[in-house]
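**Q** If you want the building blocks of each chain, they are given just below.
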Amino acid sequence: MKSSRKLIDENGLRVDGRRWDELRPVKMEVGLLANANGSSYIQQGKNKIMVAVYGPKEAHPKHLGNPDRAIIRCRFHMAPFSTEERKSPAPSRREVELSKIIREALEPAVFSEYYPRSMIDVFIEVLESDGGSRCAGTMAASLALADAGIPLRDLVAACAVGKVEGQIVLDLNDVEDKEGEADMPVAVIPALGRISLLQMDGQFTEEEFAEALELAQKGCRSLYEIQKQALKQRYLPEKEALEAEEKGGK
Amino acid sequence: MKSSRKLIDENGLRVDGRRWDELRPVKMEVGLLANANGSSYIQQGKNKIMVAVYGPKEAHPKHLGNPDRAIIRCRFHMAPFSTEERKSPAPSRREVELSKIIREALEPAVFSEYYPRSMIDVFIEVLESDGGSRCAGTMAASLALADAGIPLRDLVAACAVGKVEGQIVLDLNDVEDKEGEADMPVAVIPALGRISLLQMDGQFTEEEFAEALELAQKGCRSLYEIQKQALKQRYLPEKEALEAEEKGGK
Amino acid sequence: MKSSRKLIDENGLRVDGRRWDELRPVKMEVGLLANANGSSYIQQGKNKIMVAVYGPKEAHPKHLGNPDRAIIRCRFHMAPFSTEERKSPAPSRREVELSKIIREALEPAVFSEYYPRSMIDVFIEVLESDGGSRCAGTMAASLALADAGIPLRDLVAACAVGKVEGQIVLDLNDVEDKEGEADMPVAVIPALGRISLLQMDGQFTEEEFAEALELAQKGCRSLYEIQKQALKQRYLPEKEALEAEEKGGK
Amino acid sequence: MSITSQAEPLAKIRSKQMMELLASGKRIDGRDLLAQREITLERGIIEKAEGSASVTLGNTRVLVGVKIEAGEPYPDTPNQGVLTVNAEFVPLAHEFFEPGPPNENSIELARIVDRGIRESKAVDLEKLVLTPGRLVYVVFVDIYILNHDGNLVDASEYAALAALQQAKLPKVEVGEDGEVKRTGEFEKLPVVDTPISVTVAEIDGKLLVDPNLEEENMAQAKVTMTLTKDNKLCAVQKSGAGTFAFNQILECFKIAREKSSEIRRKFFEE
Amino acid sequence: MSITSQAEPLAKIRSKQMMELLASGKRIDGRDLLAQREITLERGIIEKAEGSASVTLGNTRVLVGVKIEAGEPYPDTPNQGVLTVNAEFVPLAHEFFEPGPPNENSIELARIVDRGIRESKAVDLEKLVLTPGRLVYVVFVDIYILNHDGNLVDASEYAALAALQQAKLPKVEVGEDGEVKRTGEFEKLPVVDTPISVTVAEIDGKLLVDPNLEEENMAQAKVTMTLTKDNKLCAVQKSGAGTFAFNQILECFKIAREKSSEIRRKFFEE
Amino acid sequence: MSITSQAEPLAKIRSKQMMELLASGKRIDGRDLLAQREITLERGIIEKAEGSASVTLGNTRVLVGVKIEAGEPYPDTPNQGVLTVNAEFVPLAHEFFEPGPPNENSIELARIVDRGIRESKAVDLEKLVLTPGRLVYVVFVDIYILNHDGNLVDASEYAALAALQQAKLPKVEVGEDGEVKRTGEFEKLPVVDTPISVTVAEIDGKLLVDPNLEEENMAQAKVTMTLTKDNKLCAVQKSGAGTFAFNQILECFKIAREKSSEIRRKFFEE
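Residue numbers (the numbering used here), protein chains in the order written: chain A, 1 to 250; chain B, 1 to 250; chain C, 1 to 250; chain D, 1 to 270; chain E, 1 to 270; chain F, 1 to 270.
Only true hints are included.
Residues from chain A that face chain E, not an exhaustive set, calculated with beta carbons under 10 Å:
#1 71
#2 76
#3 98
#4 102
#5 103
#6 104
#7 106
#8 119
#9 188
#10 194
#11 195
#12 206
#13 210
#14 213
#15 214
Please keep in mind that the hints were generated in silico from the structure rather than gathered at the bench.
Idealized CB from N, CA, C, for every residue including glycine.
Model the full structure from these sequences, guided by the hints.
**A** Rendered as structure tokens:
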């Protein structure tokens with residue numbers, strides 16, 4: 001629904017004060033849930049998303065198992081209190097679609113072939129939602145997979161680009177997503193230089209589409225650095241302690 | 001609901017111009033769906049029904065299998081756009097009952113004992129519905145079974161008879177079904193001379209009931225000829241081509 | 001909801017004429033359903049509850065079986081016509097909770113260890129409901145288990161106590177349950193002297209709680225006698241006949 | 001999806017015995033081919049229901065409760081009350097009954113009973129209107145199977161009819177804002193016909209009235225015919241994966257007419 | 001929960017053959033990489049539907065019915081009609097389709113088709129208001145898959161658009177009490193754009209238009225791009241557990257623009 | 001249907017160790033029998049919720065969000081707001097939690113928490129009426145289990161109470177046509193009591209406060225007692241397939257009174 005609100009002001013600033021190519025503040029953490037094999041938490045804008053990974057474990061029921069590779073199960077789910085109006089806990093059609101889309105964004109990054117007949121479960125819980133929750137969820141999920149010690153080709157970085165008052169902008173927030181003219185979430189596996197998630201709604205000319213894709217790549221590069229940082233913060237102390245120990249041992 | 005509309009006019013003609021013992025125009029075709037083992041299509045009045053048969057195949061899950069015979073699964077389902085008001089895609093109680101009734105009308109015609117531990121699936125999709133859709137669906141289903149090469153004792157012919165303004169009539173249409181005084185669908189296995197489907201609602205005296213049964217038999221005989229014709233049209237060309245080939249080969 | 005009705009009159013009598021420590025009339029019968037391995041019927045106030053026990057039988061599906069003991073399945077279910085307003089046949093959250101609570105009240109009385117890899121099904125159907133239906137259902141269920149010949153440590157006796165106009169009372173009826181100030185169902189395994197079901201809502205001071213527990217024990221003792229009587233009525237004639245036969249045989 | 005039902009297999013020796021008896025016109029429980037089992041009928045069991053009745057047919061045992069509430073009419077019958085029949089095969093009744101939503105068997109049963117009541121116009125639905133097009137009485141008929149030993153349809157039909165005959169219609173006042181309040185007074189529910197169903201099974205060419213469970217498991221097909229008090233046929237349902245000859249069907253009608261009259265006279269005439 | 005899909009395994013020899021052909025720029029069914037299968041389109045098949053159309057794309061066969069009823073608007077768009085797209089993968093269409101509620105594949109398909117129609121603003125929803133904020137037209141687009149041989153999305157999208165273009169809008173009168181009555185007259189449903197989707201699969205670095213089922217089972221990823229009549233991109237969906245290079249995506253856009261124009265010209269321009 | 005639960009089996013050596021420690025009055029994690037694990041409580045985490053709080057109890061971690069909307073009252077309490085408590089055991093929290101609708105464990109938990117809040121009259125529901133009999137505030141309390149290490153009930157109860165205490169009530173205007181609009185202003189939700197639950201498990205005759213998951217798997221029975229700020233008992237639930245002696249239950253009350261006072265003082269008094 002169009003509103004009369006201006007989404008970009010005379011200084012070229014967006015409703016939350018960002019420039020067109022600026023990301024929202026983002027915070028990522030790894031390894032917070034005691035029971036899960038891997039876990040992560042991301043806060044991006046108002047998005048608050050927690051991810052747990054269980055596995056690899058034997059496929060159950062067994063007939064689900066694949067003799068050549070691990071299968072991945074993925075659920076993107078929103079808490080009833082995560083939205084403006086209370087959301088019914090039953091999965092919506094949107095959540096069903098996003099669970100599939102995110103699974104397909106993660107799968108090409110996982111060395112599934114290392115774990116035949118196994119199963120890896122990825123549970124993404126949106127505790128509070130804002131624009132770009134599928135991208136934030138995808139990034140957090142790849143961190144949780146890494147935290148579970150599952151070998152990855154690389155992490156998966158993701159962000160949305162869109163069009164607001166004719167301007168291509170990076171990392172839409174809630175208002176821009178709803179009132180803007182286009183929204184395109186993109187996920188990238190940096191080590192492969194390839195796109196593993198791509199959706200779009202709204203309208204783009206060919207030039208806008210190319211420009212938006214370019215901007216998404218740029219956004220993903222920045223976010224990828226933050227992802228690596230989150231892993232380091234979790235594992236560097238351990239590694240250093242280990243090295244210190246080894247040195248001490250010598 | 002009773003309406004003031006006259007269902008039979010002064011010339012003894014029904015709302016669609018038929019005499020009391022006249023069938024609606026009917027068209028049957030066999031073998032139109034590429035994936036199914038057998039398929040058929042029937043158009044009768046406004047009824048448009050497509051049937052696919054998959055099987056015989058191994059019963060799955062295995063515990064469903066019967067050591068003495070094939071089991072038959074049957075679904076009678078109506079498309080959301082097949083009715084005046086949009087129908088919810090979830091199966092209604094009526095569809096559940098008719099799935100059972102039609103399965104039980106088909107089973108005695110199938111040599112199930114030839115395929116122990118197997119399963120035969122019969123999927124009946126009503127694309128547009130009119131009076132007599134269960135009978136049309138039953139006939140089409142038996143054609144699809146034949147098209148799948150499943151050995152049958154015979155085809156199953158079926159039609160409804162009913163009472164309209166005190167008159168026993170053949171092959172009710174939608175209006176006669178809703179506004180008439182009785183409706184009785186009957187299915188017959190001609191080679192056995194036996195009834196495999198019989199339901200009735202409304203009110204019949206003993207004499208009316210006997211008369212209606214008689215008329216149903218007559219209707220089924222006519223429809224049975226059309227069923228055989230549909231099979232011939234599909235398989236005769238093949239048979240002739242085969243015979244021509246054989247001759248040519250000599 | 002509070003009403004203006006007085007729940008205890010000037011003579012200390014309750015709405016149905018009982019004194020504070022008086023039970024409602026109760027009738028228990030055993031062995032009425034032909035198909036079940038054990039069955040029972042209880043009428044207590046307006047409560048009319050029928051219970052069937054099937055088993056012990058092989059656990060199905062097998063993976064449910066426990067190598068050390070029988071598992072017990074229990075369903076507490078209310079007929080649509082059992083309540084003031086028609087109840088939907090789908091299990092309510094209350095019925096789900098009570099099924100669990102009653103199962104857990106029965107399990108400690110059953111020698112489950114005698115039947116490894118087996119399953120015992122307990123089906124409690126409330127045909128008409130009044131205050132205290134969970135307690136009545138629990139008592140009847142233990143009778144049906146006994147009737148099925150399943151070895152028990154003891155029967156399970158149960159009754160509710162509550163507070164009505166500040167007075168601790170025994171065996172609440174419907175009105176006292178809804179309009180009173182507290183309700184506490186208690187189940188006891190007399191031979192063990194232990195509590196196997198305990199719930200409470202409303203408000204109790206420490207003294208009231210202790211007094212109520214005491215009264216519940218007393219109520220359970222009386223009901224336990226009636227339970228034993230019901231079993232005797234069913235089996236004594238058989239036993240006497242058997243003994244007479246044995247004597248005759250000598 | 002409907003699926004070939006797996007009848008409880010009868011022991012070979014038992015089924016051989018049944019067939020031999022049938023050949024000489026006798027049944028496994030000693031009955032004649034056209035004899036029903038003993039029927040007992042009790043009305044008015046459930047105080048909280050507007051109507052109720054229990055029926056036993058041999059070891060088959062059914063309880064029916066009728067609840068009546070105010071509600072909206074169906075859009076296509078704005079000037080009629082609503083009648084709705086529901087059946088639950090509660091797991092009390094047989095080892096093979098599973099708890100859960102209605103399946104094809106319980107749905108079919110409810111629809112056969114519904115058809116008999118509806119097509120005979122037994123309940124005068126036009127008398128159940130409170131505000132035309134807006135508010136009518138909704139009559140819920142809930143069938144509860146307590147023990148299953150065959151011929152659930154007839155037992156349910158008799159219990160449903162008895163419960164409806166006994167049901168009281170709560171008088172209500174409709175406030176200006178549409179609020180509905182019971183006055184505490186009651187009328188009789190207007191039940192103006194007495195549809196009676198009779199079920200006949202076919203085994204090996206023989207027609208058997210009121211089959212018990214063992215017989216149902218042997219029979220290939222059954223047919224239920226429901227007749228009004230004027231001996232008009234108002235509902236028919238053939239059930240089971242077998243067939244009937246045309247003359248058998250006419251024979252079934254005659255049987256049903258005779259048996260339904262007997263039952264009507266014995267239990268349902270006031 | 002979404003789970004790694006188990007594609008129907010292709011026989012080794014068949015998949016080897018497919019790869020060899022692809023290496024020389026050819027496909028298993030003889031097509032060029034950028035050739036679509038033959039399309040046939042038939043409008044107005046279902047009389048009881050307000051609009052309908054069937055599409056075949058090779059052996060893929062889809063039927064779409066449009067039903068239009070009066071109903072409430074969404075709270076956040078009180079001055080717009082409601083458009084709702086639903087897809088059923090009925091078990092007619094493929095051995096692996098099971099009866100039951102929508103699954104992730106049918107939901108995804110419905111949402112892609114919905115997105116193309118909605119984002120192109122093909123249906124002028126603002127013209128579908130009866131009483132602002134209270135009563136609007138609800139347009140149900142029901143997609144029925146009759147035979148599945150790959151690229152269900154494009155076949156569904158074409159059939160949905162054709163059915164909408166052919167759909168008639170029933171005129172209604174709204175009574176004082178809010179009752180809605182059809183007058184018996186009809187207008188055209190206001191369809192003002194012609195979004196056309198084109199699906200491209202990637203196999204071994206090659207881009208293939210309109211993949212058939214064997215090709216879909218070999219492909220790691222597909223992308224569907226939907227373009228408006230002004231050649232604007234209005235919906236994109238990458239699908240499948242694989243990836244695309246950035247330049248491949250730009251290449252897909254060019255392919256989609258060309259192919260969608262052809263199809264629009266051939267089937268959808270009046 | 002409720003079914004005997006299959007507790008995660010404890011390694012023999014671990015369970016032997018636990019029993020030996022218990023015999024000398026110690027627990028496997030070093031606690032005294034009557035010691036709770038460390039509690040942390042954080043309020044106001046979810047901006048889009050009207051209230052929210054997270055609680056950790058050792059490794060058990062629970063998040064509660066409160067949403068408040070306008071809606072209809074229950075017919076039997078026309079002059080009260082509506083309180084509804086729901087719990088989701090999301091599969092994040094434990095390997096054995098499956099996605100899906102609530103099961104008996106999550107339903108029981110929600111109902112225990114609900115009972116404590118409702119019976120203590122902690123939320124003054126009579127202050128939550130907008131139009132008597134027509135429109136009231138509906139308070140949704142959604143419990144989200146994030147990590148399960150035992151005693152979910154107490155963690156959930158504390159988080160629910162904290163979220164309610166912190167919740168803001170959105171002021172609304174009700175238009176003539178019944179439309180509800182938020183004014184943008186807020187009041188405090190009227191929370192007038194502080195019910196605190198304490199759960200005690202029995203293992204081998206010993207009573208243990210705040211059992212962790214290993215202890216729950218060893219315990220035959222637990223009992224949860226909830227006390228109001230006046231030390232009145234307002235909810236009790238015995239859970240698990242075991243039993244308590246009468247004197248143990250009285251002992252549990254004393255423990256619960258003491259522990260609940262401590263927690264109330266530390267976390268819930270303003």
